[in-house]
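Chemist: Protein chains in written order, with numbering that gives the first Met the number 0: chain R, 0 to 338; chain Y, 0 to 607.
Think of the hints as simulated: they come from the structure by calculation, not from any bench. Treat the numbers as computed from the prediction; the structure is a model and nothing was measured. Don't take each hint at face value.
Unchecked claim - Below, a list of computed lysine-lysine pairs in the DSS-like style, where the Cα atoms sit at most 30 Å apart: (1) K204(R) to K257(R); (2) K145(R) to K349(Y); (3) K330(R) to K307(Y); (4) K510(Y) to K145(R); (5) K374(Y) to K349(Y); (6) K349(Y) to K391(Y); (7) K444(Y) to K131(R); (8) K133(R) to K564(Y).
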Amino acid sequence: MKLNIILGLIIVSSLLIGCVGTDPEITTFNPYKGSDGITMELLNNAPPKEVYEQDSFNIVVKLHNQGAYDVVSNPKDSSKNEYAYFRIIYDNFYFEMADPNAQAQTVYKQELTGKDPFDHYGQFELQDFLLKSKTIVGQRESPTTKILFNLCFPYNTLLTEDVCLDRDPFGLDIRDKPCTAKPITLRSQGAPIAITKIDPRMPTKVAVDDKGNNITLVAPTFAITLKNVGGGNVIMKLDNKIDDQCVVKNTDQKYWGKIKVSARLGNKNLTCTPENVSFNNREAVTNCRLQPKSGDVDKNGFMPILQVSQPDILIINTSYVYTISEGRDIKINRGTTLP
Amino acid sequence: MAEDEEGLGAKVKARMKDYAKQKWENSKQRASDYKDEKIANTKERAQNAKESVKAVPGKAYRATKHTANQVYDAAWQGTKNALNAAPSAVGSGIKTGAKAMFGSSYKIFFWLALGWHLFDALWMGFDRGGAGYGITLAIYTIFAVWAWFIFDHHGFMDSLKALMLYFFISAICIFAPLSRMLFPSAQAVFLGLSIPELLHLILFFVPVWAVYIGSSFQYGGMKLLRFIWFFAIVGTLIFFIFSSNAWEDLPGAPASKVPLGKFTDRIAEGLSGFIESLRKLPNQVVTRIHNITIGPTYQAEVEQNRGKQLGVYLESVEAIPRTINVGERVDLRATIIAKSFVNNTKVTNKCRLTNSYFTYPGYTDDRFGKFTLAKYETRIISCFFPGTQTEKINISRPTSIKAEMISTFEFETWGYVTYSFISRELYQNTLSQQKDANKEYGLDKYPEAVYTDGPVKLGLIDPSSPLQLPWSLTDNVENDPLLPDFGITIRNKDPFGRVVNITDIQFIIPKPLTIDETSCLPNVVKFNPVITDDQENNVYTLKDDINFERKTDYITVRCFMHLEKGNEGINTLLQDGGVALATLAVKTKYTYELARSTTIKVNPEDTR
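Isolated chain R, as found in the complex (with noise of 0.2 Å):
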């Protein structure tokens, strides 16, 4: 009797364990998440601390693309014409380039292409110049020198956030809603321009419809808080003239600084103001309102909404041009010594 009993738990638990079973859990990979774009990682011993003269050595770049954004080209479209700058700068009395023909400073242009769902890690490239010290020039036994190295690439930030069209921002409306306006913190976006605040408010006021019915009209705005966290510098991203912006002399003083800052929200255009953000202190702030006299929306920017708040989706976007410094130091050793 005991037995069957056992049995027949057992049977029942088999049953019951083979019903149920567990669903394996399903993530995503989200591109847009860090605060780097493309970086520079100048790999170990190259350069050397430490070289003799009349001695070739190499230097070892690798550039990786650890943002969103994909930096490339496209030959159908011209306005899609991008690469990664990378330069070299040294001091001519003591380097030169081991190739004679090679330009005194050394550009190289490269695409790389940044994370996705299938790809999460991002392109990479590695690219090695080969520099010659030059004969120590008069008494000097081991001078130290610098090489710079210059990093310039177009980029962009996206997010696509939900916000909340609150028909009544001051919770006077004791009934429940579907969503409250509130202010939204971020942190990074995979680019090194980050939105990091946004900070929607919705005036609202009520009009009589074409019907004679009263109708609530809202004018959502948003403070937008940009970030500088890549470390670099920014240049407004001008279209057209990628090539040009990464050569100093050629990019206005106008620009630098400065991002142009575009916004939606659902299928409607928002104005920003300033459109040209500066930053100051690695912050900007930008206020995107409703297009005026676009669809459905007055000439003071405000829009009818429906009985209750509702939830809409806010795409920022925002395009720049990005530059990176480093400097390292290079000791020059003579190649006969005295004691």
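Given the coordinates of chain R, work out where chain Y should sit on it, guided by the hints.
Modeler: Only chain Y this time, still in chain R's reference frame:
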């Protein structure tokens, strides 16, 4: 009645007179007796003292002998006991010593503080830049906190005051070495050391934390410190005086007499140099004030070489024999060392005997008179004064005179300074984002100026108005871009030598930088360069017209720089990256005379 009164008065007067006279006689007698007695006593005492003194040597001798016997006996007994007990005594001595040295937290702290001070002084050289600053800051902060835990305090306020004191002590240890930067290192003031070098020496001998801790605990604290200081001071003096081959035994030199002679020579030389520096000081101050109105004096750091520093050195000057009679021959020997990366060094030698009244030249043979030293070579040179020269010395008593070896040679000293340039637009953009352009682009804030060692110092930076880098340039102005000026100061370094003349000064300026020859502000140098052109540099060579007067002791040349082709030159310099590095070099070639001396004792006649 009146007559009776008169008679009575006379009687009283007479009686008083007799009384006074008698009193006076008595007093005189007593004084005389007292005087005789005193004299007699004094004479007796003197006689007794005399007798005692005569007896002292004998007593002392007997006492000393007795004491010596006692000491000897005790010592011998003690030695026997010690020899028997030595093995165990050493062991327990070490244990006692270790306990004595490390047996408390004070002592551990003391030895650590002293050890760190020696490490900071000898290994790090009191470096307070870069990583050196961080390490030093951390260590001395730990010391301050550690002291607060170790030492006793009573009450909150006392504890707080003590903590402030400990951090103050640590601050002294950290920042006192920076005082060396306040003084120029160009001028040797004592024993060939400049003020920064003397400060370094003082800092070495004052381990602040160790002093404070050692004075704060009772057992062996002060005695230990005195021992350490005495040993350190004496050891360092011995090291400095005898560090340059002083103990080498030269052929024919009586070994037993060499050390003492070298010691006195070194002291004499050092004092002589110090007095010479003091004598020149007023004139140098006046000259410096005068030259400030004309232009700045430039400075730079000397490059430290591996092993021996670049230059030519005359060492171990020795007279053989050190004592002569008039009319006897004396030989002078020295060691000459040359180290140079660029050229072999041509040397001409001579010698002389000199004092306040006379100077007699010596003779060199062909091997030592003129020769060429390889890039690194040591050679012994010799010179002699025959009897026919020394017999001219006219002295009436034994006299010390100076025997001097003089070497004249050609040498090159080079100076280098690196400037960084940046596009003004790039620079302003960086600043507008509250960023430090130096950190952003990995550039030094001040130019690094270095000169190679030798008997002459070169300066390339004006310390009174230091240039801040990077230097920003823009072509958005009508006028040619403003560039920093470029100047050098050439100064004699060795107090025992002098620059005979400067044969060549060359400025090597990387293109597209140039020098505006019309803007040069010479001190005593006329600027008539012969410009040659290599592919990468503009080279300016000054020949002739170089006047290095002894009274000024240095010369300064300063010129303004320009860019070739004005604003176009900016694009050539900065290219696409907007940042550029440029090293400017200076070569000075000169003839230098170096003298080293020793003293000879000359006797007027054969007094042996």
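Chemist: It remains to establish, for every hint, whether it holds in the given structure.
Modeler: Here is what the structure says about each hint:
Annotation: proposed proximity of K204(R) to K257(R) is violated, straight-line Cα distance about 35 Å (limit 30 Å). For the given pair, K145(R) sits about 47 Å from K349(Y) by alpha-carbon distance, which is inconsistent with the 30 Å threshold. A hinted pair counts as satisfied when its Cα atoms are at most 30 Å apart, and K330(R) with K307(Y) qualifies at roughly 20 Å. With a C-alpha separation of about 19 Å, the suggested pair K510(Y) and K145(R) falls inside the 30 Å cut-off, and the hint holds.
Straight-line distance between C-alpha atoms of K374(Y) and K349(Y) comes to about 22 Å, which keeps the hinted pair within the 30 Å bound. For a cut-off of 30 Å, the pair hint linking K349(Y) to K391(Y) stands: about 19 Å separates their Cα positions. With a C-alpha separation of about 27 Å, the suggested pair K444(Y) and K131(R) falls inside the 30 Å cut-off, and the hint holds. For the hint pairing K133(R) with K564(Y), the CA-to-CA distance comes to about 27 Å; that is within 30 Å, so the pair holds.
Against the hints set out earlier in the document, violations occur for numbers 1 and 2.
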